[in-house]
Every structure is written in C-alpha cells, then in structure tokens.
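Colleague: Sequence:
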Amino acid sequence: MAILEKMAQIVLPKAPSKKAQTHTANYDPSRKGEVMALPNFKEHIEDILSNRQIQTSKELIAQLVKSDPDASAALGSYLTTADVQPIILVKDIDGAIDRDGYKLVNQILEGLTTRRDYSTGFSQKRTLRAMAEDLRYMLLCRGGIAAEAIYDDQLSLSRLALPDIGSFKFQEKEPGVLIPWQTQSGTDKKVDIPTLHIQWYRKSPMDTYGNSPFIAGINTMAARQQVVNDLYRIMQVTGYPRMYAKVLEEVIANNAPPEVKADKNEFRRYLRARRNEISGMLQSMRADQPLVHYDSVEMGIINDKNPGMSVDIKQVIDTLNAQNQAGLKTMATVLGRGESGVNTGTVEAQLFGKMAGSINKPIGEVFSNILTQAIRFSGSESRVEVVYPEVDLRSELEMEAQKSMKASRLRQDLSDGIISDDEYHLSMYGRIRPDNAPELSGTGFNRAKMEVDAEKVTPNTDPVGRSVSKATDKSAKSNQNK
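For the sequence shown, this note's numbering assigns the number 173 to the initial residue and increments by one for each residue that follows.
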C-alpha cells in the first residue's frame with residue numbers, strides 16, 4: 173500500500189512524442205529529402221580580424237576552436253582529459269543502492285546504445301561515450317547543453333537528440349520559471365516538453381543565458397593574429413636577408429643609342445625598360461642559379477649581417493600567449509609552453525585536470541535526469557545518479573599502488589559492515605556486486621587492520637607533493653606524540 177502511495181506521487185506525461193520536437197544544428201525540415209551539402213572546409217582562410225566585427229561570440233568561438241592553434245589545443249585538451257568512464261548509481265527513496273533499478277538502467281542503456289533490429293537499413297546507434305563527447309564539445313563552445321529524450325511506443329528510451337543550446341530562447345512567466353523556445357527555420361517554436369533537459373556550465377546567476385568559457389580569449393586571439401600577420405610582413409622586408417640591385421644610370425646612359433639620347437621622352441622610356449628588364453630577371457631567378465650581369469648593375473643583400481636582430485617580437489608574443497592561456501582557462505604546460513620546470517608543470521597539470529573534470533558535472537546531471545525519467549516510465553521509483561570520477565593524470569602503473577591501498581581500506585570497511593557489498597563494488601569496479609558473488613558486509617572476514625606508518629609518508633610519494641614541498645623537507649609526518 174505504501175508503494176502505491178509513493179507511486180501516485182510520480183505523474184507521468186500523457187504520451188511522449190516518438191519524434192524529436194527540437195532541431196539539431198544542421199537539420200532543415202524543408203530539405204529533409206535532400207542530401208546535405210559538404211561544407212567548403214575553408215576555415216584556414218577565415219580572418220578573425222574582419223569577422224569579429226560582424227559575427228557573434230558564439231559564431232567566433234565555433235570558428236576559432238577549428239582554426240586557431242591555442243583554441244583548438246585547449247578544446248582538444250579538455251575533451252581528452254575529461255574523457256573518463258562514468259559510474260552509474262541507482263538509489264531508492266531511502267538512499268540505498270537499488271539492485272533491481274541498476275539492472276533496469278543497464279537494460280535501458282543496452283536499448284539506447286546497441287542495435288538489435290538489422291532489417292531497417294542504416295542506423296547509427298551512438299555509445300554513451302560518443303554522446304558525452306558531443307555534450308562536452310557543446311558545453312565548451314556554448315556554455316550549456318541540451319538533450320531531448322525520445323521514447324518509442326512502449327515508453328522505452330530509443331535515442332537522444334542533442335540540439336544546439338545556442339538556438340534556444342527562454343520565456344520567464346514567473347520568477348525563476350523558464351519556458352524554452354527554439355528558433356527553427358527562422359521562427360520561434362515553444363518546446364515546453366518534459367523530455368527536454370538543459371544544464372548550464374558556470375552561468376552567471378544574473379544572466380538568463382550562458383556563455384562559452386573561451387569567450388574571454390576572443391580579443392587576445394585577434395590581437396595575436398594581427399601581430400603575427402604584421403610580423404610576417406616585417407620579416408619579408410627586413411627580417412631576413414633580401415637581394416637588391418643598384419642600376420648605374422650613368423653606365424646605361426653612356427651605352428644608349430644616339431637617337432635615344434637625342435629625345436628626352438624616348439631616353440626616359442629606355443631607362444625604364446632597362447630597369448624593368450633587370451627586375452624581371454631577378455624576380456624569376458632561383459636561389460641556386462648563378463647571377464651574371466654587366467657592370468651597369470651592382471648586386472647586394474639588405475641586412476646581410478644580423479637579420480634576426482632587426483626584429484625582436486618575443487616579449488610581445490609571450491604576453492599575448494599568456495593572455496590566450498588565461499582566456500582559454502588552460503595552463504602553459506597543456507599548451508606546450510611550460511618553462512618553469514617539472515614541479516610547476518605537475519601542479520599545472522593537476523589544476524587543469526580538476527578544471528577538465530568540472531565540465532563532466534553538467535554532463536552527469538543531464539544523463540542522471542534522462543535515466544531517472546526513463547526508469548520511472550518503466551515503473552521504478554528510484555533515482556539515477558551518473559557520477560564522473562575525478563580526473564587523474566597518472567598512469568595505470570603509477571596508480572596501482574594507490575588502488576591497492578584504497579582496496580585494503582574499503583575491504584576493512586566492508587568487513588566491519590560500514591559499507592555494503594554494492595558500495596564496495598561500485599567504488600572499486602564501477603558496477604554492483606555480481607549475483608554469484610557472496611555477500612561479505614559485516615562478516616568480519618578481514619581481521620588484519622590496515623595501518624599507515626607516518627614515518628614512511630613523505631612528499632616524495634606523489635608528484636604534487638614533490639612540487640609543493642621545499643627541498644629541505646624530508647617527510648610529512650605529524651609531530652603529534654603517540
């Protein structure tokens with residue numbers, strides 16, 4: 173009776189649509205029967221200096237993550253570092269692990285990501301990892317993500333549509349209550365549906381719409397591009413040795429025909445023709461060709477002694493690189509510019525790992541909402557939590573000792589009954605206890621207590637400890653008397 177009362181608190185929608193109500197970024201309903209045209213693939217010739225005046229920040233960020241080296245490196249580093257395997261928790265209303273709900277989630281994910289009907293032609297079933305990567309890309313470029321869950325006739329989750337959050341507008345009918353609208357084919361359509369899930373990444377509470385975390389780097393990337401373009405032009409003139417030819421007008425005049433010397437206009441044309449002739453000869457000459465000329469021309473090289481000393485742009489480039497690094501929310505080590513030594517590089521990598529891990533939290537919240545909705549459509553009362561572990565940049569071999577210590581500690585808690593078997597298996601293996609495994613919680617199977625000797629704990633046991641400790645520090649043991 174209590175279960176029925178609790179189930180009555182969950183109000184299901186009348187009939188979720190079997191087709192997506194939102195539009196993806198490239199979908200055009202007026203051309204759904206046509207083959208999509210290939211893009212021009214000319215991002216490499218787009219100029220941010222001119223586009224910055226006419227394009228929005230959303231359009232510029234989408235362009236820069238493809239064409240700008242720093243923005244592309246930052247995006248790739250975020251996507252690579254944040255790509256960790258999630259842990260799926262299914263809890264009942266009391267907060268305990270729901271084994272039946274966990275198995276139900278596995279069935280839902282199996283139907284969502286695995287194809288079983290091969291009689292319907294081409295079908296692209298995307299994995300959870302691929303969908304998470306798309307959401308991370310959208311999160312970094314837009315500052316938010318949106319996902320629409322699509323169900324079949326049996327209210328089973330069939331696929332996810334990932335619309336562009338940048339095409340959404342919101343109507344605030346009441347304080348804090350937002351109704352989404354999406355711009356579709358030039359018109360605004362209301363998408364007030366329960367299967368649409370939206371999350372933002374560090375959005376200002378004073379704004380309704382979010383921004384990309386890379387938006388602060390647009391101006392510095394434009395300034396850097398302008399400096400680099402100017403540097404290219406300067407180097408072509410004074411930066412490198414450059415050949416020049418001095419035409420001796422007196423020698424050419426003495427060798428001019430008498431009838432040419434008699435006419436001033438004809439004489440000027442004659443001199444101009446000889447100069448153009450010499451210029452054309454030099455312009456078409458290869459660097460390995462010998463140069464043969466009369467004594468009417470003197471050959472030389474501009475800036476032949478110290479060509480590199482004429483241009484000192486390093487300090488300007490370093491300043492712009494530092495601004496790019498700050499605007500893109502990344503570290504010098506990640507962009508390949510770390511110059512402060514191994515210890516500083518380790519701290520920077522650790523900080524970047526935490527920043528990359530932070531973009532997984534909105535992803536996990538969207539997946540949690542979608543899977544919770546899916547299992548409740550199937551009759552379960554539990555809730556799903558998709559948790560992405562903290563990003564750890566250490567190798568598997570380096571982490572093996574840490575995993576052994578963690579396993580030893582958790583086995584002791586399992587033996588004492590502090591944690592359940594499912595909690596132990598989720599912490600160690602990312603899944604619940606197999607049905608054929610014995611239940612060991614509270615049995616006291618582990619009689620040996622795990623103790624850590626403070627004399628053996630030193631800053632040298634981990635890279636971060638080495639980086640933040642002084643060279644004179646020999647241990648991190650406590651001075652407390654035992």
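Just so you know, these hints were derived from the structure itself, not from any lab. The reader is advised that the hints may include incorrect statements.
Across the chosen pairs, the derived CB separations fall in these ranges [unchecked claim]:
#: 1; residue 1: Val399; residue 2: Gly602; range: 11 to 21 Å
#: 2; residue 1: Ala573; residue 2: Pro201; range: 26 to 36 Å
#: 3; residue 1: Lys214; residue 2: Ile387; range: 53 to 63 Å
#: 4; residue 1: Asn223; residue 2: Gln455; range: 52 to 62 Å
#: 5; residue 1: Asp255; residue 2: Phe617; range: 48 to 58 Å
#: 6; residue 1: Tyr601; residue 2: Lys214; range: 12 to 22 Å
Derived DSSO-like pairs: lysine-lysine, alpha-carbon spacing no greater than 30 Å straight-line [to be verified]:
#: 7; residue 1: Lys204; residue 2: Lys230
#: 8; residue 1: Lys238; residue 2: Lys533
#: 9; residue 1: Lys190; residue 2: Lys362
#: 10; residue 1: Lys263; residue 2: Lys341
#: 11; residue 1: Lys578; residue 2: Lys375
#: 12; residue 1: Lys526; residue 2: Lys575
#: 13; residue 1: Lys375; residue 2: Lys362
#: 14; residue 1: Lys578; residue 2: Lys191
#: 15; residue 1: Lys263; residue 2: Lys486
#: 16; residue 1: Lys275; residue 2: Lys575
#: 17; residue 1: Lys345; residue 2: Lys230
#: 18; residue 1: Lys361; residue 2: Lys375
#: 19; residue 1: Lys341; residue 2: Lys190
#: 20; residue 1: Lys341; residue 2: Lys238
#: 21; residue 1: Lys433; residue 2: Lys575
#: 22; residue 1: Lys375; residue 2: Lys533
#: 23; residue 1: Lys297; residue 2: Lys578
#: 24; residue 1: Lys214; residue 2: Lys191
#: 25; residue 1: Lys214; residue 2: Lys204
#: 26; residue 1: Lys275; residue 2: Lys501
#: 27; residue 1: Lys486; residue 2: Lys501
#: 28; residue 1: Lys361; residue 2: Lys230
#: 29; residue 1: Lys575; residue 2: Lys230
#: 30; residue 1: Lys204; residue 2: Lys190
#: 31; residue 1: Lys204; residue 2: Lys191
#: 32; residue 1: Lys418; residue 2: Lys191
#: 33; residue 1: Lys362; residue 2: Lys345
#: 34; residue 1: Lys263; residue 2: Lys533
#: 35; residue 1: Lys341; residue 2: Lys275
#: 36; residue 1: Lys361; residue 2: Lys263
#: 37; residue 1: Lys190; residue 2: Lys238
#: 38; residue 1: Lys263; residue 2: Lys238
#: 39; residue 1: Lys230; residue 2: Lys418
#: 40; residue 1: Lys190; residue 2: Lys214
Each residue gets a CB set at the ideal place from its N, CA and C atoms; glycine is no exception.
Colleague: All hints, please: hold or fail.
Modeller: Do the hints match the structure? See the list:
1. Checking the proposed 11 to 21 Å range against Val399 and Gly602 shows it is violated: the Cβ atoms sit about 48 Å from each other.
2. Separated by about 57 Å at the C-beta atoms, Ala573 and Pro201 break the suggested range of 26 to 36 Å.
3. Separated by about 24 Å at the C-beta atoms, Lys214 and Ile387 break the suggested range of 53 to 63 Å.
4. Checking the proposed 52 to 62 Å range against Asn223 and Gln455 shows it is violated: the Cβ atoms sit about 34 Å from each other.
5. Between Asp255 and Phe617 the CB atoms are about 36 Å apart, so this pair departs from the stated range of 48 to 58 Å.
6. Between Tyr601 and Lys214 the Cβ separation comes to about 48 Å, which falls outside the hinted range of 12 to 22 Å.
7. Simply put, Lys204 and Lys230 have alpha-carbon atoms about 26 Å apart, close enough for the 30 Å limit, and the pair holds.
8. Under the criterion of a C-alpha separation no larger than 30 Å, the hint pairing Lys238 with Lys533 is consistent with the structure, at around 25 Å.
9. Between the alpha carbons of Lys190 and Lys362 the distance comes to roughly 17 Å, so the proposed pair stays at or under 30 Å and holds.
10. For the hint linking Lys263 to Lys341, the alpha-carbon distance of about 34 Å lies beyond 30 Å, and the restraint is violated.
11. Straight-line distance between C-alpha atoms of Lys578 and Lys375 comes to about 36 Å, which puts the hinted pair past the 30 Å bound.
12. With a C-alpha separation of about 20 Å, the suggested pairing of Lys526 with Lys575 holds against the 30 Å cut-off.
13. Distance hint between Lys375 and Lys362 is fulfilled; the C-alpha atoms sit about 23 Å from each other, no more than 30 Å.
14. About 46 Å separates the Cα atoms of Lys578 and Lys191, which puts this hinted pair outside 30 Å; it is violated.
15. For the hint linking Lys263 to Lys486, the alpha-carbon distance of about 57 Å lies beyond 30 Å, and the restraint is violated.
16. For the given pair, Lys275 sits about 26 Å from Lys575 by alpha-carbon distance, which is consistent with the 30 Å threshold.
17. Taking the CA atoms of Lys345 and Lys230, the gap is near 26 Å; set against the 30 Å cutoff, the hint holds.
18. At most 30 Å may separate the alpha-carbon atoms for a hinted pair to count; Lys361 and Lys375 meet this at roughly 24 Å.
19. At most 30 Å may separate the alpha-carbon atoms for a hinted pair to count; Lys341 and Lys190 meet this at roughly 24 Å.
20. The straight-line distance between the Cα atoms of Lys341 and Lys238 is roughly 26 Å, inside the 30 Å bound, and the hint therefore holds.
21. A threshold of 30 Å between alpha carbons decides the hint, and for Lys433 with Lys575 the separation of about 95 Å lies outside it, so the pair is violated.
22. A distance of roughly 13 Å separates the Cα atoms of Lys375 and Lys533; the hinted pair therefore holds under the 30 Å criterion.
23. With a C-alpha separation of about 36 Å, the suggested pair Lys297 and Lys578 falls outside the 30 Å cut-off, and the hint is violated.
24. Restraint check for Lys214 and Lys191: the C-alpha separation of about 34 Å exceeds 30 Å, so the hint is violated.
25. Between the alpha carbons of Lys214 and Lys204 the distance comes to roughly 25 Å, so the proposed pair stays at or under 30 Å and holds.
26. Our distance criterion of 30 Å between C-alpha atoms is broken by Lys275 and Lys501, whose separation comes to about 39 Å.
27. With a CA separation close to 22 Å, the supplied pair Lys486 and Lys501 stays within the 30 Å bound.
28. Restraint check for Lys361 and Lys230: the C-alpha separation of about 21 Å stays at or below 30 Å, so the hint holds.
29. A distance of roughly 42 Å separates the Cα atoms of Lys575 and Lys230; the hinted pair therefore is violated under the 30 Å criterion.
30. Between the alpha carbons of Lys204 and Lys190 the distance comes to roughly 18 Å, so the proposed pair stays at or under 30 Å and holds.
31. At roughly 14 Å between alpha-carbon atoms, Lys204 and Lys191 fall within 30 Å of each other, so this suggested pair holds.
32. Proposed proximity of Lys418 and Lys191 is contradicted: the alpha carbons are some 76 Å apart, above 30 Å.
33. Distance hint between Lys362 and Lys345 is fulfilled; the C-alpha atoms sit about 13 Å from each other, no more than 30 Å.
34. Distance check on the hinted pair: Lys263 and Lys533 sit about 18 Å apart at the alpha-carbon level, within 30 Å; holds.
35. At most 30 Å may separate the alpha-carbon atoms for a hinted pair to count; Lys341 and Lys275 exceed this at roughly 37 Å.
36. Restraint check: the Cα-Cα separation between Lys361 and Lys263 comes to about 36 Å, which exceeds 30 Å; the hinted pair is violated.
37. For a cut-off of 30 Å, the pair hint linking Lys190 to Lys238 is broken: about 35 Å separates their Cα positions.
38. Taken as a hint, the Lys263 and Lys238 pair is broken in the structure, with Cα atoms around 41 Å apart against an allowance of 30 Å.
39. Restraint check: the Cα-Cα separation between Lys230 and Lys418 comes to about 53 Å, which exceeds 30 Å; the hinted pair is violated.
40. Annotation: proposed proximity of Lys190 to Lys214 is violated, straight-line Cα distance about 38 Å (limit 30 Å).
The structure shown violates the earlier hints numbered 1, 2, 3, 4, 5, 6, 10, 11, 14, 15, 21, 23, 24, 26, 29, 32, 35, 36, 37, 38, 39 and 40.
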